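Peer 1: Sequence:
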Amino acid sequence: MSPAPDRPGGALPPSPQVFAAYRYCEAVTERQARNFAYGIRLLPTARRQAMSALYAFSRRVDDIGDGPLEPEVKRARLEETRELLGRVRAGDVPEDSTDPVAVALADAARRFPIPLGGLDELIDGVLMDVRGRTYETWEELKEYCRCVAGAIGRLSLGVFGTVPGARDAERAPHYADTLGLALQLTNILRDVREDAEEGRTYLPRADLAAFGCAAGFDGGAPPPGADFAGLVRFEVRRARALFAEGLKLLPLLDRRSAACVSAMAGIYHRLLTRIARDPHAVLRGRVSLPAREKAWVALRGLSGLDTRRAARLTAGEGPR
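Residue numbers (our numbering): 1 to 320.
There may be inaccurate statements among the hints.
Pairs of lysine to any residue, SDA-like flavour, derived with a Cα cap of 25 Å [unchecked claim]: (1) Lys-248 x Ala-166; (2) Lys-248 x Leu-116; (3) Lys-74 x Glu-197; (4) Lys-142 x Glu-197; (5) Lys-74 x Asp-168; (6) Lys-74 x Ser-97; (7) Lys-74 x Pro-16; (8) Lys-248 x Asp-168; (9) Lys-74 x Glu-194.
Quick list of simulated restraints, FRET-style, between CB atoms [as the list claims (entries may be wrong)]: (10) Glu-95 x Ala-206: 48 to 56 Å; (11) Ala-169 x Ser-288: 33 to 41 Å; (12) Glu-79 x Pro-115: 16 to 24 Å; (13) Arg-256 x Leu-283: 37 to 45 Å; (14) Gly-199 x Gly-165: 47 to 55 Å; (15) Ala-241 x Ala-169: 32 to 40 Å.
FYI, nobody ran anything at the bench for these hints, they're computed from the structure. Note that this is a predicted model, so its numbers are computed, not measured. A virtual CB, placed ideally from N, CA and C, is assigned to each residue, including glycine.
Could you put the whole structure together from the sequences, leaning on the hints where they help?
Peer 2: Right under this line is the structure:
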């Protein structure tokens with residue numbers, strides 16, 4: 001996969017209608033995905049616009065799944081959204097459409113080799129939520145994480161591309177997918193209490209049982225005698241292993257794309273560190289980073305520090 005230029009194939013700047021559609025998607029991203037927004041600010045304009053279109057479409061899918069509608073209505077809305085994706089794929093979305101997200105996504109798909117099937121996978125993953133699926137093992141949960149997050153990594157790679165001559169470039173989709181799994185598992189740990197309050201449990205039942213947490217969380221507290229801290233630290237180790245594998249993507253990307261990925265991954269990795277330090281914090285409220293710390297992580301990504309570290313680890317050298 002070659003690098004994705006800022007304006008692929010010498011493409012002209014977006015028309016006023018498309019530019020307005022991108023502005024709408026960027027506003028959605030800034031308002032609803034601050035961690036994601038910190039990363040994509042580091043990208044050239046066309047790539048930032050494409051990533052905001054991907055996010056806005058993904059946000060629409062997630063909002064249907066998380067909304068107050070009845071399950072059968074959610075399923076119908078998700079299938080309507082899949083039909084819209086089909087029109088985007090077929091190039092059947094005019095620039096004067098009243099749906100700015102569809103307009104922006106269609107333009108992004110024309111400019112970049114985005115594997116739009118990843119958005120079908122996202123819809124499949126949200127349908128799992130609507131059906132109230134639970135997961136017996138990590139392998140089952142991994143299937144869900146691949147749909148809702150790994151697919152986003154692969155979609156993003158379509159915007160980023162890889163640098164010419166990069167070693168293991170053919171592994172880039174695997175690394176992008178794995179990094180998505182790491183981010184999603186971090187999300188699951190961070191949102192344990194929120195999800196429990198909504199009647200959802202994502203952590204594998206086998207893991208819950210192993211640490212005495214199979215009875216769930218009542219009022220934000222684990223069952224008596226449970227080793228909740230042990231459960232969280234077990235999942236943290238799994239997430240860290242996923243990060244270690246997924247961050248091998250960084251040396252395969254150009255500087256700006258690597259900075260974007262490094263910033264997003266860095267924010268979530270620091271969240272994971274906070275959770276490991278105080279596992280019960282996730283039962284007291286949402287663990288987050290202050291804006292100043294997020295900005296520091298983004299600056300570190302732009303400096304290339306994490307990219308160079310990932311390159312050393314990929315080459316088999318120890319950390320410095």
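Peer 1: Against each hint, give a clear statement of whether it holds in the structure.
Peer 2: Here is what the structure says about each hint:
As the CA atoms of Lys-248 and Ala-166 are separated by approximately 12 Å, the hinted pair is consistent with the 25 Å bound. About 24 Å separates the Cα atoms of Lys-248 and Leu-116, which keeps this hinted pair within 25 Å; it holds. Straight-line distance between C-alpha atoms of Lys-74 and Glu-197 comes to about 20 Å, which keeps the hinted pair within the 25 Å bound. Distance hint between Lys-142 and Glu-197 is fulfilled; the C-alpha atoms sit about 23 Å from each other, no more than 25 Å.
Among the hinted pairs, Lys-74 with Asp-168 is inconsistent with the structure: their alpha-carbon atoms are about 41 Å apart, more than 25 Å. Between Lys-74 and Ser-97 the CA atoms are separated by roughly 24 Å; this keeps the pair inside 25 Å, and the hint holds. About 33 Å separates the Cα atoms of Lys-74 and Pro-16, which puts this hinted pair outside 25 Å; it is violated. A C-alpha spacing of about 9 Å is found between Lys-248 and Asp-168, which places the hinted pair at or below 25 Å, so the restraint holds.
Between Lys-74 and Glu-194 the CA atoms are separated by roughly 20 Å; this keeps the pair inside 25 Å, and the hint holds. Separated by about 50 Å at the C-beta atoms, Glu-95 and Ala-206 satisfy the suggested range of 48 to 56 Å. Between Ala-169 and Ser-288 the beta carbon distance is about 35 Å. The supplied range of 33 to 41 Å therefore holds. In this structure, Glu-79 and Pro-115 meet the distance hint of 16 to 24 Å, their C-beta atoms being roughly 21 Å apart.
For Arg-256 paired with Leu-283, a C-beta distance near 38 Å keeps the hint of 37 to 45 Å intact. At roughly 50 Å, the beta-carbon separation of Gly-199 and Gly-165 lies within the given 47 to 55 Å, and the hint holds. Range check, Ala-241 to Ala-169: Cβ separation about 23 Å, and the 32 to 40 Å hint is violated.
Hints 5, 7, 15, counting from the list given before, are not met by this structure.
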